[in-house]
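Residue numbers (my numbering), protein chains in the order written: chain A, 1 to 88; chain B, 1 to 313; chain C, 1 to 385.
Calculated directly from the structure, the hints in this document are not laboratory data. Remember, predicted model here, so these are calculated numbers, not experimental data. Misleading hints may appear alongside valid ones.
As the list claims (entries may be wrong) - Facing chain A, according to a computed beta carbon distance under 10 Å, are these residues of chain B, among others:
| # | residue |
| --- | --- |
| 1 | Val8 |
| 2 | Trp34 |
| 3 | Ser36 |
| 4 | Gly146 |
| 5 | Gln148 |
| 6 | Tyr175 |
| 7 | Leu232 |
| 8 | Lys236 |
| 9 | Ser242 |
What the hints assert, rightly or not - Chain C stretches covered by chain B per the calculated footprint, using a threshold of three residues with CB under 8 Å from any CB of chain B:
| # | segment |
| --- | --- |
| 10 | 49-61 |
| 11 | 71-84 |
| 12 | 210-221 |
| 13 | 315-324 |
Glycine is no exception: its CB is placed at the ideal position from the N, C-alpha and C atoms.
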Amino acid sequence: MATATTKRWKTKYGYLYIQDDECKGCGFCIEFCPKDVLEEADRFNAKGYYPPRPKDPEACVNCTFCELICPDFAIWSEKDEEAGDADG
Amino acid sequence: MLAKAKTVPPPEVLDGMSHPMERYLRADRLPHIWCSGCGLGTVLSCFTYALDELDLDEKEVGVVSGIGCTGRAAGYLDLDSYHTTHGRAIAFATGLSVAQPDKKVVVISGDGDLFAIGGNHFIHAARRNVDMTVLCVNNFNYGMTGGQFGPTTPIGSRGTTAPYGNYENPFNLPYLAASSGAVYVARWTSLHARRLKESIEEAISIPGFTFVEAVCPCPTNYGRRNKIGDGLDELKYYAERSVIQHGADPADADLAPGNDIIVGRFLQRDRPTFLQSYEKQILDKQQFVKPQGMGKGPHRTSGATSTDGRGTT
Amino acid sequence: MADRILAGTHFLNGDEACAEGALAAGCELFAGYPITPQSEIAERISRRLPQVGGVFIQMEDEISSMAAILGAAWGGKKAMTATSGPGFSLMMENLGLGMMTETPCVVVNIQRGGPSTGLPTLVAQGDMMQARWGSHGDYGVIALAPSSPQESFELTARAFNLAETYRMPVLVMSDEVVGHMFERVVIDPDAIETVERKPPNAPPGEFKLYEPGEDLVPQGMPALGDGYRVHVTGLTHDERGYPVINAETQADLVPRLREKIARAADAILDVEETDLDDAEVVIVTYGISARTSLGALRLAQAKGLRVGMLRLRTVWPFPSKLIAEIANRVAGFVVPELNLGQMVLEVERAVCGRATVQSVPHAGGGIHNPEAIVDAIEEVFAHAR
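Just chain A, same shape as in the assembly:
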């Protein structure tokens, strides 16, 4: 949420945002990312969970699946409109 520190990575067509401390370590995003972008971080967060981190941000196509499935609003992506997209 707005009070949490957010990490932002540049992806090919935009950005990927993760708020480590919001994560409850369910593993959904890591498992089901269609591009296998994510892995578990090697440090746990304030709650003791291991949040995701991109192992390959360039592979992210901002499909927003992680964003949609995350139960804790801890991860989202933003497509940079000018950068085009995976089809263009």
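We have chain A already, so just place chains B and C on it with the hints.
Using the frame of chain A, we list chains B and C on its own:
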């Protein structure tokens, strides 16, 4: 030889960033109470994205919930939200919907709340075709109270009040909804996040009593007692066993361990809503004046196309 | 196009008059379930509400009826339900929700013989304590008791006003005889006052749904869609309406639910005093028993006895202060009611031993024989000597 590991550039670290759906959430109430691996957070997320997609203003939507883990969803939504008594959300929503016919009224509640104690209200609201959307999170037990079995618990599954395994036949929720008169019936799992979001959009947009079942993990109770593993394990199970069958006969959509999980958009049909009937049979015939707000709804602009309009996925 | 207010002089029964009282007060939604002897309320209002831009819903049971009127209230409408004993019992949980969420609405109970299915078509007054204590937990109650069709009209209308003023469900505790008796009802539109719902006292973002004013009542109630995005919950909650599950929040909220009424007891109090000034024995009564008691009063007075009557038009909050004060100057009280002694317990409590209190019970199914009340009066006089 191992491929050289990709070095990931370090992220920017930012303060004061808001999640894109924060406008629909009571951020001061988060983090929510739901367990790690629970499907409820996903359902809440899909709901906010559905509202966003429909470009609905926060003023236009009222959420009514019952009691249970799912019932807590109302408290996290920055909308007019009403956390009512166990089983009675639909009855409350009936009054609310009739009083404000141009608003979207959504009931978000769980399997036990809606179909055990609330069963009677469900079938009657469906019968009347009161204008509301019922989003049922089905995690096959009463999670909040520790994992008792409920009206959707499969035969053989364990619960704290079914220590030898449940021997009662469970409801087939889409079948019950369809036979009671619902005009839109869909089921997805929380893994099918995108499709769940789309069904929620459709259900909200269609006038009348619309029903979406969201099958979700309850790793702390149902999952644990039935050796399903954690939330992720249950999602993997959904991935393996879900079969999308749009237009499937709801009668065939039973859920039983070992069977496929049939998901999809099962039915959509046209029936006059409760207020439309009232208007046609009484107000117009008797030339009575319409209640305030009635002229504007429940004739919503249907954002959804018919069942065949969305293709096969 | 029919009128909301049925102006004029009419011959109506108590149930019908109750329905008209609701309409006159601005009722826009009725949700109820059929039950004798309430039926005429629902039947009449099902015909009248559509005429005046309202909605009638016959719900599937009393539980949902109570829930639906709460929903309609948060949708901005004045709403009412009506029932009798068995339905009243079913409504209790959601009545508590209405109390806890401070939702204005009206609940009418046309009492009949109980317990359980009891005497569906015959009178009793056996739900009086249930009216006060029926739902779980602590909360306060306002309950009115009409003794005639005219009062059924007036007190039902008053109930709506009290509901808006004190932000709560208000009860009308009538009974089968008052409900079914036909009498003259005079409806004068100019004499009818309505209290409208107070809008929020601050804009969205600043407004606190449950922040009490000086009178301990929340300051305004928005409807769905007004932009306030309220959160309403039956869980113990803070002034924002958010659930906070601890003893401190409980202590802040729950006593206030009672106190807001207790503090206004004098304003709410509505009693009719007959010949109290030099009375030695006072009949305390309500509802149909008050009609019988009037007959007994005159019989006793004809025997030369100095008897007066205190008729309760508000039964809750109970006029303890008034009764205690009267207790200082009378020999005793006689309390006829169509139950085995319910409001008499309140009289005893208020009197606190300072005078004799004589119950005149009746298991229900009929009204008292006035002679029985006279006998009780004479017993009190005998006891006093």
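> Any hints this thing doesn't respect? Which numbers, in order?
Replying inline: Hints 4, 5, 6, 9, 12, 13 not satisfied by this model.
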